[in-house]
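The sequence shown maps to residues 2 to 579 in the working numbering.
What the hints contain is simulated information worked out from the structure, not anything from laboratory work.
Warning: the hint list may mix true and false statements.
[Stated by the list, open to error] Simulated pairs of lysine to any residue, SDA-like, Cα-Cα distance not exceeding 20 Å:
no.: 1; residue 1: Lys186; residue 2: Phe387
no.: 2; residue 1: Lys412; residue 2: Ala376
no.: 3; residue 1: Lys456; residue 2: Ala16
no.: 4; residue 1: Lys410; residue 2: Phe387
no.: 5; residue 1: Lys257; residue 2: Gly300
no.: 6; residue 1: Lys274; residue 2: Ile246
[Claimed, not checked] Computed Cβ-Cβ distance ranges for the label pairs, DEER-style:
no.: 7; residue 1: Thr36; residue 2: Glu291; range: 39 to 47 Å
no.: 8; residue 1: Arg442; residue 2: Glu327; range: 22 to 30 Å
no.: 9; residue 1: Gln522; residue 2: Ala37; range: 47 to 55 Å
no.: 10; residue 1: Arg138; residue 2: Pro206; range: 21 to 29 Å
For each residue, glycine too, the CB sits at the ideal point set by N, CA and C.
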Amino acid sequence: MRIVFIHPNYRSGGAEIAGSWPPAWVAYLSGHLRTAGFDDIHFIDAMTNDLPDDEIATRLEELKPDVVGVTAITPSIYAAERLLEIARDHAPDALRVLGGVHATFMYKQVLSEAPWIDVIVRGEGEEIIVELMKSVRDGHFPACRHTIKGLAYRDGDEIVATPAASTVKDLDAIDPDWSLLEWEKYIYIPLNTRVAIPNMARGCPFTCSFCSQWKFWRDYRVRDPIKVVDEIERLVNEQQVGFFILADEEPTINRKKFVQFCEELIARGLPDKVKWGINTRVTDIYRDRELLKFYRKAGLVHVSLGTEAAAQMKLDQFNKETKVEENKTAIRLLREADILVEAQFIVGLDNETPETLNETYKMAWDWQPDLANWAMYTPWPFTPLFQELRDKVEVFDFSRYNFVTPIMKPKAMERGELLDGVMNNYRRFYMKKALFHYPWRGTGFRRRYLLGCLKAFAKAGFARTFYDLGKVGYTGPQSKNRLDFHFDETRTIADAQMEDWEASADRAARAAERREAVRAQGKARAAERNAAAAETFRMPNGAEIKACGGGTDQMTDEQMSADLLVKGQAADGQRENA
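Let's have the full structure, built from the sequences with the hints guiding it.
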């Protein structure tokens, strides 16, 4: 049975300005399928190779697959749907499968707008895809599809979702097949070396309101650090990888295993061959301040910190559970350990103003990270924050949900003004860094790395691919009122998906009402008990209970504080007289 995986061709001028990234999803799915006995697997990387539709059609006609599988994040969903439409027309006998975070939560929307998709894999794909492929191979599909957990599909006019599958409990059983990738094309520009994105842990115990990853991966699980280093060593020796980024949301959560991972890298001499970076939280940097130099010895050279906001109000809205002042200290600790630090800011909520945008710049310059990144708030439609802001979301063209397009329109700004404010932050920050910091500070490696980052920015800037500036027509502040963000206004939320949202919102509202009713009932009962106690309790002589001093009213907190102050001063005077 022949399986063909395709990575959608989608670009936005965001993360891809630093290089071409290997699609790790295909390696992990293919590895698990090979372990289950499926050997005829092919991969088409339409994004890295910038393949047009007709070339993909030709490849599918040549390969004659039995299954075509595609993944999608939210901004690439339409490209993924189009790929499976091409598969319908040019490989009509193939089963068309879609997976990824967007389809997992928005399956009703996807199946409504792309009915040619045969089945959606919801959640982590490795175990579900193996069970699905076995059913296809054995001739049981589609009759048995209702028995496979973690699927969604159309049954006539009805959209059906089977019960959610459990998360993959034994991550060490997954042996990724990296051989499918064209490694000479995956280059990290700052170091001009091949790059990989292996996975050490899945899940996140934190519930940031703007993020969906904790909902997708659910429980937090960590692989055996030895097996992770085995995988990295193979990538270094077999694919000449010189830089990797751990794909985890926060690989430092389990400090014991992260330390073991670093120890194993050092023991095998890998830091001399490969450098690496991570995303993590400010709180973990605080916790591990004594270990940071050890992490640097293990080859960790780049940490991207989710500082997210310059204002505490925004941090609280994002549910980040950190304080603004902690961000500055964490950045200082990393720089003292000779680890390059990148600060991430989220801007573009409905309460953004020119003043708050400028505040993020001033905060970034005060904190002095090596790199700073301003990302537009993107209202992922399956996150808690989206539910709070849903009435203010005007754009449902998901191809523009890419961290660089201002989806939300702030009350006090036009979208063009918002984009121009972000570009002004970038210009000021990196112009100063380029002139006064990068060429003159730090070790040889630090200087080389930062100049490489500057090269990546410059390359994307001159090509006007950075932040999609060429596409929207931004040429500087003079153009901010003439921008065209190319929103497809015909894109709307499907009725089935809207009903699902409304049902979820109703359930959440009813749950909130129940919690409030329970709290109110508890307070009422406590008041009743206190009143009953006051009625039934009497002094032994039958006297009425009164407040201190014989009155009927208790002193207020302010009166008590003033009374205590007077008494304290009197006592001090008595001690001095004595």
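Margin query: So if I understand the rule, the pair passes when the alpha-carbon distance is 20 Å or less; does Lys410 with Phe387 pass?
Written below: Satisfied, since the Cα-Cα distance of roughly 14 Å is no more than 20 Å.
Notebook entry, point to check: Hey, Lys274 versus Ile246, does the alpha-carbon distance stay inside 20 Å?
Noted result: holds (14 Å)
Next item on the list: Could you grab the alpha-carbon distance between Lys456 and Ala16 and see if it respects the 20 Å cut-off?
Entry: Roughly 14 Å between the alpha carbons, so the hint for Lys456 and Ala16 holds.
Checklist line | Pair hint Lys257 and Gly300, alpha-carbon separation not exceeding 20 Å | finding: Answer holds: Lys257 to Gly300 is near 18 Å, not above 20 Å.
Next item on the list: Please work out if Lys186 and Phe387 have their alpha carbons no farther apart than 20 Å.
Entry: violated (36 Å)
Margin query: Quick check: does the Cβ-Cβ distance between Gln522 and Ala37 fall within 47 to 55 Å?
Written below: holds (54 Å)
Next item on the list: May I ask you to test the hint 21 to 29 Å on the CB atoms belonging to Arg138 and Pro206?
Entry: violated (38 Å)
Margin query: Holds or violated: the 39 to 47 Å window for the beta-carbon distance between Thr36 and Glu291?
Written below: Check passed, 40 Å falls within 39 to 47 Å.
Check: Between Lys412 and Ala376, is the straight-line Cα distance small enough, at 20 Å or below?
Finding: At roughly 18 Å apart (the allowed maximum being 20 Å), Ala376 and Lys412 satisfy the hint.
Notebook entry, point to check: Is the gap between the beta carbons of Arg442 and Glu327 within 22 to 30 Å?
Noted result: holds (24 Å)
The structure fails to meet hints 1, 10 from the earlier list, while all remaining hints are met.
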